[in-house]
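Participant: We have chain H; now place chains D and X onto it with these hints.
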Amino acid sequence: MALLEVDRISIQFGNVRAVQDVSFSVDEGIVYSVIGPNGAGKTTLFNLITGIYRPTAGAVRLDGREIQGRTPYELARRGMARTFQNLQVWMNMSALENVMVGAHLHLDGSLFKALLRTPALRRRDRALREESAGLMEFVGLGAYVRSRADSMPYGALKRLEIARALAMKPRLLFLDEPAAGLNPKETQEVDALVRRIAETGITVVLVEHDMKMVMNLSDRILVLDYGKRLAEGSGPEVRGNPDVIAAYLGGHA
Amino acid sequence: MSMRGRSFAGLGILALALAVAPFLVPNSYYLDLVIRMCINAVIVLSLNLLIGYAGQISLGHAGFVGLGAYASAVLPAHFGWHPLLALVAGAAGTGLLALLVARPILRLKGHYLAMATLGLGIIINIVIRNEAAWTGGPDGMPVQSMELFGHELMRDTQWYWVVAVILLLSVWGALNLIDSPFGRALRGLHGSEIASQVVGVDVPRYKTAVFVLSAVVASIMGSVLAHYVGFVTPEVANFFHSIELVTMVVVGGMASVFGSVLGAVLLTALPQALATFEGWEVVVFGAILMLCMIFLPRGLVPTLAARLRLED
Amino acid sequence: MHAEFLQFLFSGLTVGATYALAALGFNLIYNASHVINFAQGEFIMLGGMLAVFFTQAGLHWAPAFALAVLLPALVGVLLEKCAIEPVKDADTVTLIIITIGASLVLRGLIQVWLGKGAHSLPPFSDHAPFSLLGATLQPQSFWVFGVTAVVVALLWYFFSRTLAGKAMLATAYNRVAAQLVGVSTGWVLLMSFALAAALGALGGILITPITLTSYDVGIMLGLKGFVAAVVGGLGSGLGAVVGGLLVGVLEAMGAGYVSSAYKDAIPFVLILLILFFMPRGLFGGLSTERV
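Chains as they are written, first to last, in full-length UniProt numbering: chain H, 1 to 253; chain D, 1 to 312; chain X, 1 to 291.
Bound conformation, chain H alone (with noise of 0.2 angstroms):
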């Protein structure tokens, strides 16, 4: 059984529909990509399945168990992680902090210890602290660890992001465009970062535009355009389908 299942999902904003009956497997350990031309739709898939909105028909699986419809909170604790497009950084805290709060699931968030700052507590806090820090030099940001998120780059916000991400030590990671407005060799780095995050076993579902990098890093591929899925398969199989190169080099009027 596949870890994730996307059984004919839809939605529809007024008369737009955005997604239209698109199903998908990915099978636990894989890196699984979705591409697709701009306003395919692909952010909106994300968010259908990360719980940010309720789909108008179809399913999602995870483990076999219906999850459409559950809000992100909810899909956290079944060890869902995901990025965001547009940053959804804490620019009011500490890029620490930032990572240190990705962890929050497995953390006492106990308001009457945390008034009395019990000392274990306090042991729990270096340990997190500790830890976070070592997820930043994870991801390439071991520069920031002292840092403010506001005085960040884009560039290492978006990874900041990441590390957020796998502080919660999910199963499932959904990146959202992560090498989006970064130059080449900053989008090698992240091409490098999810190769790392895979091979600690986590799945990872990625939405990217850059073509070189899904290709490289992909175990397959979901080619979305119009809403509507076009093709999927590993790398070499959706290169040559001649729909996807109509989509991609302009085969629509």
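Just so you know, the hints here were simulated from the structure itself, not pulled from any lab data. Errors might be hidden in some of the hints.
Derived DSS-like pairs: lysine-lysine, alpha-carbon spacing no greater than 30 angstroms straight-line [to be verified]:
1) 166(X) with 81(X)
2) 109(D) with 263(X)
3) 116(X) with 263(X)
4) 212(H) with 169(H)
5) 88(X) with 109(D)
6) 166(X) with 263(X)
7) 113(H) with 169(H)
8) 212(H) with 185(H)
9) 109(D) with 116(X)
Facilitator: Chains D and X only, in chain H's frame:
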């Protein structure tokens, strides 16, 4: 200096200031002022948790202060309750009310949230004014004195030490809270609610928790104020008082513990200083609000701290 | 029985017209800048107080009323220039607090200048009260309805038929697009504040013969006007009018049939209910947050 180190230094300075203050003030008028500053500071601290840290807004917080104050007036006077029990009951009742309205109110954002809290505060004020049989109406009513462990708290100096200790404990608690998983999750609400949801923070629950906490603290301090002054009037729960409290948060520094204290100190003293210039007090208050938000949107303490580059 | 109901209805509609004008003012500013102007109520107060001041100073009512509308409009422009424009992209909380500060300044200044007393204007016409279907209707009420109706019609014409009006609407829908086609959005902002202030002031002048005016009427009137705007749907002109009349009538009915002591609480209970169950109001649109 690390953040914790700075916090402890600040706490130490505050403790020192509080210890020395009663010996430095020239007469009881000023002692009264300092006591009111401390009471306001505690309320402002809890309000700042809601506004500055969690990024919500409340334009009706004086309503909660009023509920506590009138609980401490009405329950002993009309039902013979012990003042301490009345204080606890007031806090519990206020907390319950806050809990009931929290979910629907906190789903709102921005202007809608502001209006809803405003409406709540005004309704509380109107009820207090109208139920004259219980509350003495617009003229107010006297409040029995508080009894602690058999002692009646009567003199200024006794009250001073009580509120000074409460303030110190509140500042200590707030500093602990901010640097804890709960506190950081709270600050995340301000930064981005959607990101908070996505990492597993139960956003409605946290918003409710901080709303109820700040309401309960406001109620308790309302009771303290009522017992200290010995008299309550509906003014304690009016719109202007709510605005005063928000002004203290905003001027002192949003999301700043010591900013809350500073804001309370400055803006408790100000009306007294302007008392002879009736009418102008309102103008000056309004002008301060406007100038502060235009030029120092982060408030005094955070702006100063940034200037002195105490932040890393 | 019937007559009593009509009585409450008429007085509710009369004061509702003032709320409608205030609500229109809120919507104008909200549409142009997404700011809720908590000082709107003070414009209402200024209209009434200035009208009283100028007529008592010996001016004929025509220039007195004109000044009582124009001066608040100028104040509105001043407010926009000095307090809103510098911080246009700030937090909602920041903007709310700035306008609250402005309302305090205005109220305090009037209190210092003109004192705390309540004042009235003579009714616009000298007729005795009418009797209509058993209820008594003051002639002033007709003035209130009449002028409000004319103003609303003029506004409707302005926004739907003139280029300037359409430019303002365009800015409300999409500021960048409006700028790109050459609309001066700065001008639109100024006009919105001026117009909102003028509308509020006009409402204040109209209602003063009936309800008196003083330095502190602004708070309640403004807040109730805001309730009307939210009830009708923030940003909707039709909503403002319907909302205003509805709030006025409900308030009058509640005061008459339930309890007059809690008259002031009714709009606020209403707004809590609306915000809990129908936050978009009667005619408001939907919106989603793009992630």
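Participant: State for each hint whether it applies.
Facilitator: Verification of the hints:
1. 166(X) with 81(X): 23 angstroms, holds
2. 109(D) with 263(X): 27 angstroms, holds
3. 116(X) with 263(X): 23 angstroms, holds
4. 212(H) with 169(H): 28 angstroms, holds
5. 88(X) with 109(D): 18 angstroms, holds
6. 166(X) with 263(X): At roughly 39 angstroms apart (the allowed maximum being 30 angstroms), residue 263(X) and residue 166(X) break the hint.
7. 113(H) with 169(H): Judged against 30 angstroms, a Cα distance of about 24 angstroms means the pair holds.
8. 212(H) with 185(H): This hinted pair holds, its Cα atoms lying about 13 angstroms apart.
9. 109(D) with 116(X): 36 angstroms, violated
Taken one by one, the earlier hints fail for this structure at numbers 6, 9, listed in ascending order.
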